[in-house]
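These protein sequence lines map, in sequence, to chains A and B.
Counting from 1, one number per residue, gives the positions in the first sequence under our numbering.
Counting from 503, one number per residue, gives the positions in the second sequence under our numbering.
No wet-lab data here; the hints were simulated from the structure.
The structure displayed is predicted, hence computed values, not measured ones.
Honestly, I wouldn't trust all of these hints.
Using 25 Å as the maximum straight-line C-alpha spacing, the simulated DSS-like pairs for lysine-lysine come out as follows [said to hold, decoys possible]: (1) Lys-1112/B <-> Lys-169/A; (2) Lys-163/A <-> Lys-1112/B; (3) Lys-1123/B <-> Lys-171/A; (4) Lys-1077/B <-> Lys-975/B; (5) Lys-418/A <-> Lys-286/A; (6) Lys-381/A <-> Lys-1055/B; (7) Lys-449/A <-> Lys-694/B; (8) Lys-449/A <-> Lys-561/B; (9) Lys-418/A <-> Lys-1123/B.
Away from chain A, derived, C-beta distances all over 12 Å, residues of chain B [to be verified]: (10) Tyr-569; (11) Ala-660; (12) Thr-708; (13) His-887; (14) Glu-895; (15) Thr-969; (16) Arg-973; (17) Val-1133; (18) Leu-1144.
From the three backbone atoms N, C-alpha and C, an ideal C-beta is built for every residue, glycine too.
Now for the letters of each chain:
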Amino acid sequence: MNLHAVLSLLVFSPLVGIIVLAILPKSQEIAIKAVGFLATLPPLALSLAVYAHYLAGKSLSDFSVSVPWIQFRGLQPDEPAYAVNYELAISGFQLLLVVLTSVVSTLAALGACRFIKKEWKGYFMLFLLLVTGMLGLFTAENMVLFFIFFEVTLIPTFFLIGKWGYFEKEKAAFSFLIYNGFGSAVLLIVIMILLAKTGTTNIVMLKEIIADPSVGLSADFKLGLFIALLIAFGVKLPIFPLHSWMLRVHVQAPPSVVMIHSGILLKIGAYGLIRFGMGIFPDQFKQLAVLLAILGVINLLYGAFLAFIQTDFKMVLAYSSISHMGIVLMGLAAMNEAGIQGAIFQVVSHGLISALLFFLVGVLYERTETSLIGNLGGLAKGMPLTAGFLLAAAMASLGLPGMSGFVSEFMAFLGLFKVEPWIAAVGSIGIIMTAVYLLRAVLGMTFGKAFRDFDGVLDLRGLELVPVLVLMLLIVLIGVYPSVLSSPLQATLETIMLGLGG
Amino acid sequence: MVNLTKLYAVGGQITRIVHEWCLTPIDTHLKRGFDKMENAWLIPLFPLLSFLLLLLIGKRLKEASAYVGILMTLASLVFSILVLLERFSEPTYLYRFDWLTIGEMHLTAGFEVNQLNALMLFIVSLVSFLVHTYSKGYMHGDERFHVFYAYLGLFTFAMLGLVISPNILQTYIFWELVGLGSFLLIGFYYYKEEAKAAAKKAFIMTRIGDVGLLIGMILLFWQTNSFEYSEIFKAVEAGAISNTMITLTAILIFIGAIGKSGQFPLHTWLPDAMEGPTPVSALIHAATMVAAGVYLVAALFPLFLASKTALMTVAVIGGFTAIFAASIGLVQTDIKRVLAYSTVSQLGYMMLALGSAGYVAGVFHLMTHAFFKALLFLAAGSVIHAVHTQNIEEMGGLWKKLKFTAPLFLIGTLAISGVPGLSGFFSKDEILVAAWEGGHPVLFLLALIAAFMTAFYMFRLFFMVFTGENRGKQTHVHESPSTMTLPMLLLGILAVVAGYVNTPWFGSFLGDWLTDGNPVLGHGHIEGPAWIMAAATIVSLAGILLAYLIYGKRSIAPDWLSGKGDMLHTVLYNKYYIDEFYQMTVVAFVTGFSYLLRFIDVFIVEGIIKGVTGIIQGLGKLGSKMQTGQVQTYGAVAFVGLAVLVVIYALTGGYLR
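Just need the whole structure built from these sequences, with the hints factored in.
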């Protein structure tokens, strides 16, 4: 098999599902769901095959592909030619995100089969387009391609929220579009400036050009570009105070979309910061490291304290996401191996944990039609499995050792304590607060006296157990044997550290 | 495509060990013997297996789940005994493998069998086994019987993993898992609001301590580039760490111990933890987990020894907690709460010993306390099982009805009171000697007073429960089944004899062995003046006598010193209002701060956004209003524009740059 085609196949294979769905009649519920789910399997299989390829000790660069795509000459005769290639590649870091994306997508498709109650055809077509967008942006090797895939994720998400969400879905969808549109506009400007100034958007080449002092880009100019990137991806992560859109999305979007949104889409922010921010502008990153560490701590504490007083469990989880993304920032700001690895671990770990939590929220909402903590209580009696997994997921989220959250948090703090012990010490209050708000919320729903009679309510059953068990197993696997993540990362880490000059 | 050997390589060394172990012919195993310390890693795995099995099939097994749990912990116990016996003659065994790679750093995991670990393995697996057996009777008829056994398995796994860890990171990992087990078991009766609150409180209070431990551990790592105990000690010995840093990290780590061992000011969760089933109180909140703090300080003892300030902190906190908790124990009326405060107080005692450089005394008391306190809790459970109340005001005269439980409870009471001849006497004496020799006369005095109080409140408990008239409504009081009484009997025997492994009369076997090869830890036995032993005996007997006069013979009214309803009594009864104080300060602050942030979130962050969108909308509307279709207006605008351009042109002299 030609390995160069693998990534393209991986990225575009969900489109086959869209074509099949297009010719299926709207009324064929079961067939539509089946196609929607099956179409997520090829990327899953391919991404696992790539992982297996890596495990077998072969190089990931076997998969790189680069084909000339758009070229044009400058107006002046002495200007260099501008070239944007169609180029996909995969490194250890990207591999993890691709596997995460394909796993969560498959499980979210399963979730959608249960949680989506109308117009499945439209839902799954948009959903599969979204999957292609996500896979594409994690494998894109230049910024133009990245940007295109980035936009491909925005539009389906907008419709998925706006059409299939809860009561204030339109408001949430517009909020999502406005903020993210703003972020991507800023990103586009950065990309265009880089293309105009350097003639390329290839990430590896950009890195070299930016690092090269003989290329006449002033330090202030680079800093400006970096800050623009920080804003563009800060919206996505989200960094305080750019977060209010994602609260609405978390509450209003259907659970199967939030699984993707919280699990993968938020991670684009972290991915962008690492790949472009840290990768292309390492010196500027260094310059702002202390600021980033402080922003990280603010995110961590702000999210944690606000999660403590929410009455809706979905809001608790939304603020919890803000809080956990703070840890990513803190880890990155440490600018050492432990911190960066911790941040990347946190990206993957939070992806799995929040997908699990939102799946469970979906199950809960389907049964009880509420996610208000005050309207629940004593669920452990009627729904012991759901309650048990909810507690387990909360434990993972609060960083219980033996689960993925701990390894991530631990490394991020380990890294930051080396360079900024005081900032890290303030951040450690977040570790306590996380336990406080999660236990308050989860015990409030599952322990104590039953708020009302939940006797007729069904527990987790049948296919619903698949996403829960798969995610739980992955969370525990990473917690117990973190090398599954850390060994593919070492090469990426080395490259980043080289860029940082450490 | 993916070949198997490669997978093993990736699966890492764990897979390899298991694989090799499985492939080794059975007779080789037998020849090698299971007693080799290199197989000690199996000890925590049995209870883990029990946990997993019961999680999967417990529902079908129902009460037969008990056998799974009992068998698995029995296996652990047998292994632990073999390992302990082997450790008497063989040197420390250490095994490590790479667990997590971060760039150049390789963090390891593994297991170690040194003297302290081997002793702890034995104590933990023994008490766990007995509690597993006891629970078969105690939990009989409970709807979630199998869940209880699953949780017990998880806890035992974590606790055994904790004591076998060769590095502080791994200790921390199991430390937290132990907390999880404790949390789950306190909240076992999840439908009770009290149990829910207690479980939450236990988790959060201990987590506050854990953050201290985490920070201390990370700071130590950046000083020594290692989490390994041995590397840390090497660095300390070599003077590679500054004094300030040693003090700081030691105190931070001690904060972790304060949380876990219920020391002041993080003690409030432990009495509340009594909401859990009584066997749990015996296992977790008396004998094993709460002793983990003491164990941690002992395991890192060379670090603490290197800092006078850190040692002093440990001693002061320990000494204060000992007398503080004992004073609360004087007036409580719930049988389990009295025992809980007694546990807090005794843990303080151990800390005091360690802080006074009495390594052997601390560990020795940890061991004897594990036996007699587990006994007391199990006996208390047997009493509760019989009379269905925990209020000692509603008991009385049970000596005749509980022919088996009562004498065993008495043995436990005598042991904890430090009556000569029983285990508690010897270990308490060691602590008093250590406190005296450690050069803290005030702390010594505190310890002595606490010993008096202990004897008093324990016998108050005994007399109120077992002597006098029955004050309860319960008429059908009968002795517990043999699954409950046999474990108590065994613990009763140990509560009597366990002290003889380290006495001034028959030699300090335990102490010599514990400190063997580690001169830093001090000598096996600290020689102290003989009057200390006499003083200890006198205060203990005096306490018993006073309790007898008040609650046994009733010749002194209970309120002879302070009338009931008196200030002192109220303050003690309400535990010095510490919970209320936290409620009013910390909890109020956190809630208030959260609301402040919500204000910011709703009004400022959202407000700015609304403002920006408002401006853009306004501009848009203005723009759309321009499109009026009136040619006159358009003409006027065009003319004004032209005029402006002309003015600019004139002012710049025709040159636009």
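Hint by hint, here is what the structure shows:
| no. | hint | verdict |
| --- | --- | --- |
| 1 | Lys-1112/B <-> Lys-169/A | holds (18 Å) |
| 2 | Lys-163/A <-> Lys-1112/B | holds (24 Å) |
| 3 | Lys-1123/B <-> Lys-171/A | holds (20 Å) |
| 4 | Lys-1077/B <-> Lys-975/B | violated (28 Å) |
| 5 | Lys-418/A <-> Lys-286/A | holds (15 Å) |
| 6 | Lys-381/A <-> Lys-1055/B | violated (49 Å) |
| 7 | Lys-449/A <-> Lys-694/B | holds (7 Å) |
| 8 | Lys-449/A <-> Lys-561/B | holds (23 Å) |
| 9 | Lys-418/A <-> Lys-1123/B | violated (54 Å) |
| 10 | Tyr-569 | holds (23 Å) |
| 11 | Ala-660 | violated (9 Å) |
| 12 | Thr-708 | violated (10 Å) |
| 13 | His-887 | holds (25 Å) |
| 14 | Glu-895 | holds (28 Å) |
| 15 | Thr-969 | holds (39 Å) |
| 16 | Arg-973 | holds (31 Å) |
| 17 | Val-1133 | holds (36 Å) |
| 18 | Leu-1144 | holds (32 Å) |
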